[in-house]
Every structure is written in C-alpha cells, then in structure tokens.
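Undergrad: Letter by letter, the chains look like this.
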Amino acid sequence: MSDTTQTATETATETTVELTYREAMREALHEALADDDRVFIMGEDVADYGGTYAVTKGLHEEFGRDRVRNTPLSESGFVGAGIGAALGGMRPIVEIMTVNFSLLALDQLVNTAATLLHMSGGQLDVPLVVRTTTGAGRQLAAQHSHSLEGWFAHVPGLKVVAPATPADARWMLPTALADPNPVIIFEHTGLYNERGPVDPAAGPADLDRAVVRRAGDHLTIVAWAGMLPKALTAADQLAESGISAEVIDLRSLRPIDLPTLATSVRRTNRALVLDEGWRTGGLNAEVAAAITEACFWTLDAPVARLASLEVPIPYARHLETAAIPQVDDIVTAARSLVGDADA
Amino acid sequence: MPETDATTFDYAMPSLGADMDDGRVLEWHVAPGDTVHRGDLVALVETEKSDIDIEIWHDGIVDEFLVDVGDLVAVGTPIVRLRTLDGEPPPSGTPAPVAEPGAGPDEVEDVVSTVTRAASADAWRPPAATSGGRVPASPLARRRAAELGLDLGELHGSGPGGAVVDADVIAASTRAAVTAPSPATTSPRRSADTMRTMIAERMATANREIPHYHLTRDLDLGSLDAWLTERNAERPIAERILPAACFVRAVAVAAARHPELNGFWSDGRFEPADAVNVAMAISLRRGGLVTPKIERADERSVDEVMSALRELVAAARSGSLRASWMTGATITVTHLGDTGADLVHGVISPPQVALVGFGRTRSMPWVLGDDIVVRPVVTSSLAADHRATDGAIGSRFLATIADLLDQPEQL
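Chains A and B are the protein sequences, given in the same order.
Each residue of the first sequence is one higher than the last, beginning at 228 in the working numbering.
Each residue of the second sequence is one higher than the last, beginning at 23 in the working numbering.
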C-alpha cells in the first residue's frame, strides 16, 4: 500500500496526462464498468443526463441502461437497493447527488450498510461504493452546499474518503470497489474542474493514509477535499513572508491517519486544521483533538481550527464566500499561529 | 474514570521539584482498605533524580489505585482514590474529579462568540498571567525550559498574548552563548546518566544566569573542637555530634539574621523565604549528588539538626528520600569533609541565592593574640547571587557564622 503506490499516483511519469478531477473520476468509472461485469452505476439522472455534475456523461451510451441506471428520487430506496445488490454479489456504485440528500438514506447507510458485517457475525460483507458530492462555493444554497462528511466519518463500519486531487479521483475508486466494506467517496463540487497530473498506469491508491502535499517546517496545515487547493495557495503566500507551511491532505476521513499527522506536527510544533464543515462538533474537532492527544508535549501553540461560519450556507455569492474559509483566512490564521507580529 | 462522590477524593502524583514532569510508581506502601493519615508514606516513586517515598496529605481510606506499578505518569495525574474517614467531607482544595459546574449565561455568550469560523487569534490566545499565577507558555516551551533548567518567568514571551513559546526558550539559552545539552528524549528509565544530565543542566543554568560573587573566611575551630569533645565524651558513637551539624546550624542561624541571603530569586526580584530550610549537599556512592533539606534548621537544636542530618544521609544513600525533603530549600550547605579540598567556590542552586561551603579542617598556624599557635582551621566560603545582595551583606553573613562557631554555646 503504500508509499510506492502513492508516489506513483502523484509523480509525473512519461505516461502522465493532465486531467480534470471530473475526467479522472469518469475514467475510473469507465474502467470499473469495463473490467468487472458485477459493477453497475445507479443514481438520480446518471444515465441520459450524464449526472448532475456530468461525471457519468457518456457511460450510459457505452454500457447501456442495465449498467448505468436512473433511479427515482428516493435515496432511501436506491441506497437500500444498492446494499441488496452488494449482498447479492454485485459491485454497485451508487451516486447520491449531494451529501444533503444522503440524509434521506442515513438509515440504510448507518443502520444497515455499516452494521451488517457486525450483526451477521462476519457473514455478510457489504461491498457498496457510494459517491456523493460535498461542499459549497457554487451558489447552490443551503440545501445543496453543506459539508457533512464528518457525520459519516463518525460511524464504525464505514470507510470514508475524500479525494482532493485528480490522481486520487482516478485511483481511489478501484480500491474502494475492491474493499469488502461500504466505502463513501466524497467529491467536492468545487474540485470538478481542477486539473492535475494523473498517471494512467499508477494503479489503485490506498484509502487509509494521509499524504504530505507540501513539505514545510513552521506549521502543519491539515486539509481535505475542497480545502486542499486553498491550503496550498495559502502556503504559497505564506512562503513569501518566510513562513514554511507543511500541507497534509487527510484523504481518508475514516480512519484518520494519525501517525502521518503526528509525525508532521511533532516536527513543526503547530497545527491548523481546516474544515469547510461547521466548527462545533465537526471533523475538525476530532482531528484537532487527536493531534493534541498525540503531540501535546511538542506543541508550541494551541491546535487551531478554521471552519465555516455556523450558519446554513447562504445563496448570495458574497455571503457564501464570507461563510466558508478562504485563502486569506488561512494565511491570517497561520501567521497568528506562528506568532507573526503582523497577524 | 469511576464515578466519584462527595465521600471520595483523589491523590495525585506530586511535583517533587520544579523540573519534574512525571514519575513512576515503583512500589505501593499501602493497600486498598488501609487507613492513612497525613504524612504517611504511600508509594515509592522514581523520578529523574532519585527514588522518593511520597507522603499523603490528607487522612482517608485507600479505595483503589488509579495507576499500576511501573506506570510513568505526569505530575498531577490522580494515582490513588481514597474514601474520607467516617462523616468527614473531602479535603477542601482537593481536585476531586467531578464535572465543572455549567457555564453561566455570560460565559455561554463568550463561548458562542468564539464558536465561529473565524479562528481569530484571540481564540487561542492564552489568558494573561495573573499575579503569582502560571506563566503562559506552550507545552513545548515548558518542556524545553525544564530540560535546560531555565525559569519560564524570566523569559520574554513572543507568542500569542505574550505566551512563552519554544523560540523564546531557545533564544534565551543561546543568548548566553552556551550550548545546551541536546534535549533528552523522554526515556522511561531513569539512570545515573539522567542525574548527571540534570545536574549538568541545572549547574549550567546557574553559571549562565546567576552573577555569582564569592567570599571566603578562615575560621579557627579550636573552641568548637573543645566544645564538641566535651559534649560527645559521654555519648555513644551513634549519638555524637559532628562538625557538619554545627556548620548547618550556624548557617541556619546566620541566614535567619541575614534574611537577604535566605530565599529565592524569581521574576526579576528577590523573595525572602518565611523559614530557613537548609539543604545539605550529599554525594552518592554511585555518583552524583542530592540536596535534601533540613526544615526550619534555625529553630532546631544542634542535636536535632544532627539527627536530621543522619536521617538524610542514610536515606539519600539508600535511595529512599522523602518527597517533602527534596523541595523548598532556601539556602544550601556543602561540606567537603576532612578528606576533601581546602576551599569550595560553590555554584548556587537556583532559585536560591546563596550557597555556603566548608572545606577540609586542617591544622594551621594561627595568630592568637601575639602568639602563633597551631589550631584546627576550616575555610568557609559563600557563593551569593549578586542580583540579590552585595558583598557587604555576604561579608557580614560569614562573620556571623565565624562568631557562632567561635562561641559554640550560642549554637
């Protein structure tokens, strides 16, 4: 698992191509459908329409209505059907349009998918993959813009990942499909048009490790999903004023790769956790607490968190922008954390 | 953690020195069900410096052990849960492990105002240091300062809200152009090497931070010798008074008369101590030394000081020093003994401000009246902190000691 795999997915080689996050995910889906007859996709408008975010565009034409299936507007129903198919030996990929709608399927996901292996005494695997979107920034208002991935990261029995790069969008899916447990993949709506290198030959990426996306010495910024590009931009700006920020892409929201976080923070002695979700009870709190427990004696400042304002995400662009952490906020928080006098 | 109620309280790992971060329980001296009283020894604890028997501060009945033998736990960690004796309330000030009362409306408002995305700098700004309270400092800074033997209170804090951060500690240690020992990794095992490291750091700090001045004075011990010979004549060997006890007693009385030398330098000023607790430097056979104290030595007779001294030396050499002996000394005495050197230029043990040394007692020509006679002579020396006192005070202090030892009946 591993370093080699991960390095391969992130390092440019002769075969590396530049893909958008959307294209990378589509390529992963295409490969899954082509390679394994047990794989099928279902969800709202995934077939003719190509998915609300156009991720499944073209797959319906190539693989047909049986393998790329539209469903009624009933998340509880089609997620339950996906669980049944998984139990029956299929490898369903269920698309839930946004994480807000996943709440209608919480019973299926939390009470059924996450528990069956346990309640059957190890007899029933649920090899279900759920893809859904998370995050704000596209003026989709309060019922389509929330970041609730932390709720799922709370639940034992689920694996929760958040690819933040095209390479991870391309290579996390095959690992998720190979996993006998239910895996939820959170795709941030703001990332679909992001471009990045993808090695078509890299092979499946691990699902349980955080990755240092940028090395630094003065503080560790922990980010996932849509916060990662902002963290990297902030790190560039911080470097101009002499602050060297290490940026870690959490990638796996459950389990959390604490060793990677702790190794970094024990060296930088400061940590800033970014979360597009809310602060109170958020995944940011779990990450911050875990870092504090593991690194308390090497901390040179309190573990800091930067999260969204505690409001439903607004529709108006300026209000939406103000509600979620932006690059300037990250820079300010980081400077304050390292004791920069100007902060 | 098990539920507690109004009839239980916890006893926590005590701090047996300013630089103690953690301790390991090596042995319990009590068992669940035992009734203990204030001052009873409850456990043998291994610290970086030595193995120390720790005392309980309150009466109670041992209910359960909260840590296992061999566990290394931080200072302040509850290690024993006790039940109160019949009908008694838990000791006040005992940090019973019960939930804090809920926040009042005002506090809730404060909390809510910080519960926003804006991780404003204020959110992680430490509260201002209260007078006499803890210096705001990061855990890393606190640990490194302890490793380097630096007093956090003397450092300038550049972190949020003036908190002392790691860079401040490093700056303070490098300003003095002294290469600090590499930070010791937190080794679960303590050893003689660790004691050496601790002594090294402490003494390096003392030499770096304290502007010492040194005074010496030769003393004629003829009168003391005669006085001791007389007092010891009818005593069994085990009860005889040794000159060291007289030295300690003389220093204690002199310290009480010259309070400028009895106390601590902290936060940039001298704080006189309210008692005279004389630490005695005792070298250990396996190497290193410890400095347990004789409490209120100025209020004790020479005989009492002697018996305390015997107890300390025996305990130090058998590794069973009590916790309460290891902290709170206000002045230190070092006595090289009769096989040692003639003169000691001592290094003060911070935050104390004075150390008194006595060299070897030897026969010397001495002018007495108009005659040159052979007398037993010892060289007394004072190492004092020039921030706290000047040579005139130190000089008078040594003169007082000389006077006391010359007229031992005053002891």
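It is worth saying that the hints were derived from the structure and are not from the lab.
Be aware that one or more of the hints could be misleading.
Restraint-style ranges between C-beta atoms, simulated for each label pair [to be verified]:
#1 A/G304 <-> B/V97: 27 to 33 Å
#2 A/Y542 <-> B/A193: 48 to 54 Å
#3 B/E49 <-> A/A466: 33 to 39 Å
#4 B/D289 <-> A/Q366: 53 to 59 Å
#5 A/Q464 <-> B/R409: 43 to 49 Å
#6 A/A466 <-> B/H236: 51 to 57 Å
#7 B/L48 <-> A/R493: 56 to 62 Å
#8 A/H381 <-> B/S180: 36 to 42 Å
#9 B/V91 <-> A/H381: 36 to 42 Å
Backbone N, C-alpha and C fix where the C-beta goes; we use that ideal spot for every residue, glycine too.
Undergrad: Which numbered conditions among the earlier hints are violated in the structure presented, ordered from lowest to highest?
TA: 1, 3, 7
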